[in-house]
Amino acid sequence: MLAIALLVFPAGAGLVAAATPWRRWVGWLCTASLVTVLVLAVVLSTQVVRTGPIGAFGSVLRVDALSAFMAIVIGAVGALATCQSVRYLDNEIRIGRCSVRHASLYAVLVQGFISAMLLAVLAGNVGVMWVAIEATTIITTFLVGHRQTRGSLEASWKYVIICSVGIAVAFLGTVLVYLAEQHVGHGHATLTWTSLLTVSHHLNPGVMRIAFALLVLGYGTKVGLAPMHSWLPDAHGQAPAPVSALMSGVLLSVAFYALLRFKSIADGALGVAFPRGLLLAAGLLTLIVATSLLIKQRDYKRMLAYSSMEHMGLLALGAAAGTPLAIAAVLLHILGHGLAKGVLFLTSGELLHVEGTSDIDQIRALLVRRPALGGLFAFGLAALLGLPPFSLFVSELNMIRAETRVGLGWVAVFSLVCMAVIFAALLTHGRRMLLGAREAHEPVQATPAIVTVPLVGALIACAALGVLAWPLGALLHAAARVVV
Amino acid sequence: MSSSPFASLLEIAAGLVIVCAVVTLWRRSLSAIVKTLAVQGVALGAVALILGLHQHDGVLVGVACLIIAAKGAVIPTLLARVLARDPRSRESTPLVNVPASLVGAGALTVLAYSATRPVVALVATTAGQLIPLGLATMLIGFFSMIVRRKAISQIVGLLLVDNGIALVAFLATAGVPLLVELGASLDVLLVVVVLRVLAAQLWSRFGVFDLDQLRELRD
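Just so you know, the protein sequences line up as chains A and B, in that order. Following this note's numbering, the numbering of the first sequence begins with 1 at its first residue and continues without gaps. Following this note's numbering, the numbering of the second sequence begins with 485 at its first residue and continues without gaps.
Simulated from the structure, these hints should not be mistaken for laboratory data. Hints may contain errors.
Claimed, not checked - Restraint-style ranges between C-beta atoms, simulated for each label pair:
(1) D90(A) to L670(B): 32 to 42 angstroms
(2) R574(B) to I450(A): 47 to 57 angstroms
(3) T20(A) to A684(B): 26 to 36 angstroms
(4) G546(B) to T198(A): 24 to 34 angstroms
(5) G206(A) to S492(B): 26 to 36 angstroms
From the three backbone atoms N, C-alpha and C, an ideal C-beta is built for every residue, glycine too.
With these hints in hand, go ahead and build the complete structure from the sequences.
Below, the structure is given as structure tokens:
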């Protein structure tokens, strides 16, 4: 029941938004639906940890600890983003860039986008998950192009073309997995996660090797793993800030979730070496690309997008290590990154609105000119860079520990070097935007509470997760056990 | 090669799919390319139809009719409408010229045969032997997306990729579960609609039809 409710609330709010013209209360209703998702996901996860997986509609929906954890991530970042969407639409309507009808469309699409992501993580069937992830591509295309500028249309074109190819490749991988399962079951196959995991040791290794490579390439496109990453900085840079927050903070991780599940099946069929090798290659290449492009970045939204690639690369390396410790750290990192990146993208959206530019060089002295906004940006960066007490510190440390323990010390060293370079690069960019003196005629400007209160809350949550392990410890452990 | 009518019909239909893929590389007139794509859609539907009739699988026959309707009629019509607005509907400057593209297609077919060996070994049926043709169609689709510069050509490339994958799916497993199959088909239709809307916006607002004109976002 709870699993169905998780889907019904955001989809229902989407229907209301479709039926009524845009008003602020519609936006608050959408936010309320996401807060409900968060609460339900927490309740569901305690239940799942205590009593084991829950199914609904036959095998179409199935909630285990991993699904419940991902639903928590979606609920948390979704609540932040929908709340800031109200502000975004208010601003766009006020300056006449967006009609009421267009605002309605935006709200409907965001709710559809979130519902599709929830369906993807709650699906018990590999095919249904594929359909849900592909649906996110179609829905978000219009969200990326919502501002209707030349740049945003270019970004949506690239996005839909590259991601459609990626997801088509993932479909071919899924077909081959189905073929392998049919062969084991003598013509009978269901494509459910549970049945695949049960027979994984008997799946034909030759076919599974091709299948897993295609799945990594295909879902890797949606994760933003190199070499299929080129849509990511454009789409995340051009989309409205709340959409960027959702895409960067959650959508990438939802695609990564698919890879985690398939990796456990491939581990069974092929042994750990082959899946590990592929994930290592993709992760290292992604880290190199992200590092080299972050150094000279001039646009702060694109800077955040490349930083997402960095973190996806780190997740791939953590998943390659593949021990329970590594997977638990990967999952904590997904949540921490979602919160920190959500805060940063939403702050940057407000910044773009008040300053009118996304150029790093044209913004200075934020901390004295706009103390609240500058402070949010500074603490968000600190969280993203993995400074204590934020949870990314703990998760990065544990991923590196796990990598060292399985004999991947060189990978740990390499990722530390990349992280150090990125640390220096982001610090330089951040310092240019944040520091400096206020000129005499410039007033100190306040930031509305609708922006500051939720974002400060998210940063506090991110720090609390880093300091206190207890709220999540049992869930992370159970979720990691699902795929190890 | 097998001599039963079922096998030869299947071979003809699957062969037609890849021949159409090669023809799209050879032709430069975009309207001719869209027509070729329609033929390919019908051929793909025919593969599903032949398999469905042979295995007495009513669901597969239904899926085949759906595919013929969507890929043989609806999608080509949508694309033809976009073309009607573009005065210069020729692929004038592909990055790789036509003879070289055809050689490339040949090389990709060889690659497809060597890459699918484990899969072909697992599926010891007439249909299984034809799986490389699907993969080759998909690779030709990739190739055409990379070397062609018109917005429409990229959509055509994407559809080639999709048709190739669908061909592999039918030949290898006689179609994945119906729910997934429907999702996948609906999906392609939606992607084409989305791309058509985007292409129309790019044209009407900014006069853009060549992707080379999209150079605003880069590092």
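Indices of hints not satisfied (ascending):
As far as the earlier hints go, not one is violated by this structure.
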